[in-house]
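Asks: So the sequences go chain by chain: A and B.
All residue numbers for the first sequence refer to numbering that gives the first Met the number 0, where the first residue is 0 and numbers rise by one.
All residue numbers for the second sequence refer to numbering that gives the first Met the number 0, where the first residue is 0 and numbers rise by one.
If you're looking for bench data, these hints aren't it; they were derived computationally from the structure.
Values in this document were obtained by computation on a predicted structure and should not be read as measured data.
Check before you lean on any hint, since a few could be wrong.
Said to hold, decoys possible - From chain B, some residues computed to sit far from chain A (all C-beta separations above 10 Å):
1) 8
2) 41
3) 84
4) 165
5) 175
6) 201
7) 207
8) 284
9) 316
To be verified - Simulated crosslink set (SDA-like; lysine to any residue; CA at most 25 Å straight-line):
10) 126/B to 322/A
11) 143/B to 143/A
12) 39/B to 254/B
13) 126/B to 272/A
14) 151/A to 320/B
15) 59/B to 8/B
16) 126/B to 320/A
17) 11/B to 104/A
18) 143/A to 272/B
19) 324/A to 101/B
We put the CB at the ideal spot given by N, CA and C, even for glycine.
There are 2 protein chains.
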Amino acid sequence: MTVRAPASVGQKLEEDDTPALVLDLDAFERNLHTLRDAVKGKPVRIRPHAKTSKCPEVAKRQIALGAVGVCCQKVSEAEAMVEGGIGDVLVSNEVVGAQKLARLAGLAKKARIGICVDSAEGLAQLKASGADVDVYVEIEVGMKRCGVPPGKPAVDLARAIIASNLRFSGLQAYHGRAQHLRTLEERHAVIAAAAEAVRTTKDLLKKSGIACPTVTGAGSGTFMFEVQSGAWDEIQPGSYAFMDADYARNEWAAPLPRFEHALFVLTTVMSRPSPTLAVVDAGLKASSVDSGLPGLWQRPGLAYTHASDEHGWVEGAEAPRLGEKLLLVPGHCDPTINLYDWYVCVRRGAVEALWPITARGAGY
Amino acid sequence: MTVRAPASVGQKLEEDDTPALVLDLDAFERNLHTLRDAVKGKPVRIRPHAKTSKCPEVAKRQIALGAVGVCCQKVSEAEAMVEGGIGDVLVSNEVVGAQKLARLAGLAKKARIGICVDSAEGLAQLKASGADVDVYVEIEVGMKRCGVPPGKPAVDLARAIIASNLRFSGLQAYHGRAQHLRTLEERHAVIAAAAEAVRTTKDLLKKSGIACPTVTGAGSGTFMFEVQSGAWDEIQPGSYAFMDADYARNEWAAPLPRFEHALFVLTTVMSRPSPTLAVVDAGLKASSVDSGLPGLWQRPGLAYTHASDEHGWVEGAEAPRLGEKLLLVPGHCDPTINLYDWYVCVRRGAVEALWPITARGAGY
Numbered sequence: 000m001t002v003r004a005p006a007s008v009g010q011k012l013e014e015d016d017t018p019a020l021v022l023d024l025d026a027f028e029r030n031l032h033t034l035r036d037a038v039k040g041k042p043v044r045i046r047p048h049a050k051t052s053k054c055p056e057v058a059k060r061q062i063a064l065g066a067v068g069v070c071c072q073k074v075s076e077a078e079a080m081v082e083g084g085i086g087d088v089l090v091s092n093e094v095v096g097a098q099k100l101a102r103l104a105g106l107a108k109k110a111r112i113g114i115c116v117d118s119a120e121g122l123a124q125l126k127a128s129g130a131d132v133d134v135y136v137e138i139e140v141g142m143k144r145c146g147v148p149p150g151k152p153a154v155d156l157a158r159a160i161i162a163s164n165l166r167f168s169g170l171q172a173y174h175g176r177a178q179h180l181r182t183l184e185e186r187h188a189v190i191a192a193a194a195e196a197v198r199t200t201k202d203l204l205k206k207s208g209i210a211c212p213t214v215t216g217a218g219s220g221t222f223m224f225e226v227q228s229g230a231w232d233e234i235q236p237g238s239y240a241f242m243d244a245d246y247a248r249n250e251w252a253a254p255l256p257r258f259e260h261a262l263f264v265l266t267t268v269m270s271r272p273s274p275t276l277a278v279v280d281a282g283l284k285a286s287s288v289d290s291g292l293p294g295l296w297q298r299p300g301l302a303y304t305h306a307s308d309e310h311g312w313v314e315g316a317e318a319p320r321l322g323e324k325l326l327l328v329p330g331h332c333d334p335t336i337n338l339y340d341w342y343v344c345v346r347r348g349a350v351e352a353l354w355p356i357t358a359r360g361a362g363y
Numbered sequence: 000m001t002v003r004a005p006a007s008v009g010q011k012l013e014e015d016d017t018p019a020l021v022l023d024l025d026a027f028e029r030n031l032h033t034l035r036d037a038v039k040g041k042p043v044r045i046r047p048h049a050k051t052s053k054c055p056e057v058a059k060r061q062i063a064l065g066a067v068g069v070c071c072q073k074v075s076e077a078e079a080m081v082e083g084g085i086g087d088v089l090v091s092n093e094v095v096g097a098q099k100l101a102r103l104a105g106l107a108k109k110a111r112i113g114i115c116v117d118s119a120e121g122l123a124q125l126k127a128s129g130a131d132v133d134v135y136v137e138i139e140v141g142m143k144r145c146g147v148p149p150g151k152p153a154v155d156l157a158r159a160i161i162a163s164n165l166r167f168s169g170l171q172a173y174h175g176r177a178q179h180l181r182t183l184e185e186r187h188a189v190i191a192a193a194a195e196a197v198r199t200t201k202d203l204l205k206k207s208g209i210a211c212p213t214v215t216g217a218g219s220g221t222f223m224f225e226v227q228s229g230a231w232d233e234i235q236p237g238s239y240a241f242m243d244a245d246y247a248r249n250e251w252a253a254p255l256p257r258f259e260h261a262l263f264v265l266t267t268v269m270s271r272p273s274p275t276l277a278v279v280d281a282g283l284k285a286s287s288v289d290s291g292l293p294g295l296w297q298r299p300g301l302a303y304t305h306a307s308d309e310h311g312w313v314e315g316a317e318a319p320r321l322g323e324k325l326l327l328v329p330g331h332c333d334p335t336i337n338l339y340d341w342y343v344c345v346r347r348g349a350v351e352a353l354w355p356i357t358a359r360g361a362g363y
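Using the sequences and the accompanying hints, generate a full structural model.
Replies: Next up, the structure:
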């Protein structure tokens, strides 16, 4: 049920079928270098998040530039990564239920696998599965999602991990909502509070005689604040490689480096009912709108104004002509990438490669 | 890159892995019967929209109950339908570009295929492709998307189709935005105006000596108004088989029959950070939020309050326990179905079948 690729290697970009998920390789590679350079010499490792890319080919290029492995959110994503040749995967999330844990245990025989726990019950299930994995305690650092409170509850859970003869490997401390706070000041303040929560927990672990090998977390919108705090050992950005319209609405300035849009949806004008309206063949099933409509790339005067399932409205004083192809900048890269089976990888206007998005739809 | 099914036949629903797209077969079959019964004896044919179902197994059951074939929005969807054994497919949409039209021409050698045009340029491209297809003129009946204006522009295009030695097969007249107007009165008024546009165009075609074999259109939220108007020959509902939370917010009363929720996302509580908050494993990649958050099925006192990529927040005075499984009612069925490779078909709590969603991701 994999759909065929909408392009072939060697084709020009404008010859591709549409809608197509286009990766600009030059911009993508610059983004990878920008991240590496930003943390060069700092005592942190890069573990990019494959929940964004869903693609071992992307992960391999990140690892070639120094990343230690990847993160995933789901066991099935981790399976796709290991299947694709990635040897070190942290499931930066809780895994609950005997079925999933049995799969995780199987995976841990083939690769280094980590997971998070945030409850005694979750830990008991993990123990029962026999999985040989690195176990992280997730602490709640402000986004009010999963995780135990920092401090004593985290130390108690770490102690329970050790008492279960499992490998306590450190803390997962990620603040997802912080990534999209618009001003640098807001993001800095929120991560400063998260860093305080991490430090409190590390201090208490130390006082309790428990080694904390790794604190892992951070995303594309904040990672330099985590790095500068000194409280994290590993960062988990995913979107930085691609960028999207929502991240572009953030304030970007030092200490955060600026990433480029490398991810696009190529679309065709399929109807032009009036001089000011063009209807394109990319709607809700081609670009996720949970974080806003897609933007139009390098077409000033035009705006993507509405989406239905398979159609997009592009309006402007002079709407593009029938058959014209446009590049959209997705509102949110993660759920948009998850709609496609292939990255159409383009360099200077020609298709250089087709990378299969093997973890697309891997949600369980 | 098809992900494995999250369930196996014979399993109990609560044993399925999650997130899973669940189809309640009893409710689904009742919905199919309800539609058939609603139009029984009326001079209209049923041509359900496979842009919703994306699945030949669904289409076959609709055809077994009298549907004449299906609609699609994309050539690649039509390919999946023909590949799956469906012999009559109307692409209820414009098809632009030589590549797509070449594929359409190939498909028309294997099955009866229809498409829409709304411009002389689109018609010229179709003619050049040599595709042997039924050609419909799409008229714009109020949703301001594709289509030529009703009346003379439509007649001119029909004449051009005939002059091109192509087969003019009638009018596509669909008002998408009408489907979700909340009150029956609003929907009735909008479809009355659309019917007037259809009648004007049919009258002018007749006066011009052009036969109009079929007027096709209508969706799940309005189809009885189209039927009662007498102006349509064929209806194209898709969501009626499944229902979603957004359609449920419509006023449902005679003449429209009431459909049941047959489509769900099964999810597991993966963290329970407090007595009033449970975090489930279904977020933006498991249920499309473009038309609102999913609802919780038969769990009064609980609400799904927020979604991130892979997580959902479920809140209530007493949040469900870790590991508990819940059914969500998707906000919008079409883009949600498009996230999955399998329907897990359940009857009275047990998995009866797994239907592959072969047109999932078929967007081009």
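Asks: Compare the structure with each hint and give your call.
Replies: Status of each hint after checking the structure:
| no. | hint | in the structure |
| --- | --- | --- |
| 1 | 8 | holds, 16 Å |
| 2 | 41 | holds, 27 Å |
| 3 | 84 | holds, 15 Å |
| 4 | 165 | holds, 18 Å |
| 5 | 175 | violated, 6 Å |
| 6 | 201 | holds, 21 Å |
| 7 | 207 | holds, 22 Å |
| 8 | 284 | violated, 5 Å |
| 9 | 316 | holds, 17 Å |
| 10 | 126/B to 322/A | holds, 16 Å |
| 11 | 143/B to 143/A | violated, 42 Å |
| 12 | 39/B to 254/B | holds, 13 Å |
| 13 | 126/B to 272/A | holds, 20 Å |
| 14 | 151/A to 320/B | holds, 23 Å |
| 15 | 59/B to 8/B | holds, 20 Å |
| 16 | 126/B to 320/A | holds, 19 Å |
| 17 | 11/B to 104/A | holds, 24 Å |
| 18 | 143/A to 272/B | holds, 8 Å |
| 19 | 324/A to 101/B | holds, 18 Å |
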